[in-house]
Amino acid sequence: MNQPPSSTVKSLRLALSGLEVLIAEVQNGMQVHVEAALDIIEAGKGRLIVVGIGKSGHIGAKLAASFASTGTPAFFVHPTEASHGDLGMIAREDVVMLISKSGETKELQDIIAYCKRFGMKMIALTSGADSLVGRAADVALVLPNVREACPNDLAPTTSTLMTMALGDALAVALVERRGFSERNFHDFHPGGKLGAQLVPVSEIMQSKNLPLALESASINQALGVLTKGSLGVVGITNSAGALVGVITDGYVRRYLERSAERTMKAAMWETTAREIMSQSPITIPPDTMAVEALAGLQSHKISALFVETAGRPVGIVTFLTLLQAGVA
Numbered sequence: 001m002n003q004p005p006s007s008t009v010k011s012l013r014l015a016l017s018g019l020e021v022l023i024a025e026v027q028n029g030m031q032v033h034v035e036a037a038l039d040i041i042e043a044g045k046g047r048l049i050v051v052g053i054g055k056s057g058h059i060g061a062k063l064a065a066s067f068a069s070t071g072t073p074a075f076f077v078h079p080t081e082a083s084h085g086d087l088g089m090i091a092r093e094d095v096v097m098l099i100s101k102s103g104e105t106k107e108l109q110d111i112i113a114y115c116k117r118f119g120m121k122m123i124a125l126t127s128g129a130d131s132l133v134g135r136a137a138d139v140a141l142v143l144p145n146v147r148e149a150c151p152n153d154l155a156p157t158t159s160t161l162m163t164m165a166l167g168d169a170l171a172v173a174l175v176e177r178r179g180f181s182e183r184n185f186h187d188f189h190p191g192g193k194l195g196a197q198l199v200p201v202s203e204i205m206q207s208k209n210l211p212l213a214l215e216s217a218s219i220n221q222a223l224g225v226l227t228k229g230s231l232g233v234v235g236i237t238n239s240a241g242a243l244v245g246v247i248t249d250g251y252v253r254r255y256l257e258r259s260a261e262r263t264m265k266a267a268m269w270e271t272t273a274r275e276i277m278s279q280s281p282i283t284i285p286p287d288t289m290a291v292e293a294l295a296g297l298q299s300h301k302i303s304a305l306f307v308e309t310a311g312r313p314v315g316i317v318t319f320l321t322l323l324q325a326g327v328a
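Each step along the sequence shown adds one to the number in the working numbering, with nothing skipped, and position 26 is 26.
If you anchor each label on the Cβ, the simulated ranges turn out as follows:
id	residue 1	residue 2	range
1	Arg-253	Ser-280	18 to 24 Å
2	Gly-192	Ser-102	35 to 41 Å
3	Asp-110	Ser-69	24 to 30 Å
Don't read these hints as lab results, they were simulated from the structure. Glycine residues also receive a C-beta, built at the ideal position from the N, C-alpha and C atoms.
Based on the sequences and whatever the hints tell you, model everything.
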């Protein structure tokens, strides 16, 4: 027998239905207002100031952080603090985003008056089209009135989810409009695993004492470089310094196994690195992101990648390098 859905499942379904209604609203006419809001934010010469109180304030703080980390300078201002001096944090070239479910939040009155006084653009996220906030805004993004996931239809639940989702959608749309790249994102998010993955290999690669040997070197000489480097690979260069191949400890071992009929000494000294190296080595440029370097190591089943500029090796990246950097 099927069990009736739990209250948790019911709440999730109600929240999901709210998002579905919001999507339909955007598709059926709200999109023009969304684009107008994006135009205002994108054209702004200052920052995006997000304001709200209570649950709307918590959402506002989160959205300000999302905008800021994706290329739109933004910060959150608490309405009550604004009325007691923090209005000075808001400059005339800024754009203000007002968040209020009802649209009648009294604490927003001083900020609205301030914005009107100095002709600052306002965007509203509200369910009250004809409310204080809805009327004051240059563009009102009116959220549909749907049932809250709370059984009493009181606690802001579905409405807060819709507000956050719409705010995030605005931030993402601005990412696309501005061509904000992963590298740009790393500039604002250097910390944590995500930041580590987006760092260019030039910042984490080994660039000194690279394991390199000339292609004319004997296997014994190349093996000495390989052993000293402790990276399991030696890059082979020509007389001009260009990287032309690589040798790993596995290459040397397999070659010596095939040379059983010869003396070990002859095999080590009479054979050059050119004869056993792997030609056309896989390399990456210095601006390659660490996560891309990791993917390259994994896809080619190798343990190290030389970093190359104009055909010359300038660094090397290994699994250990990426592990220590917090990427792997």
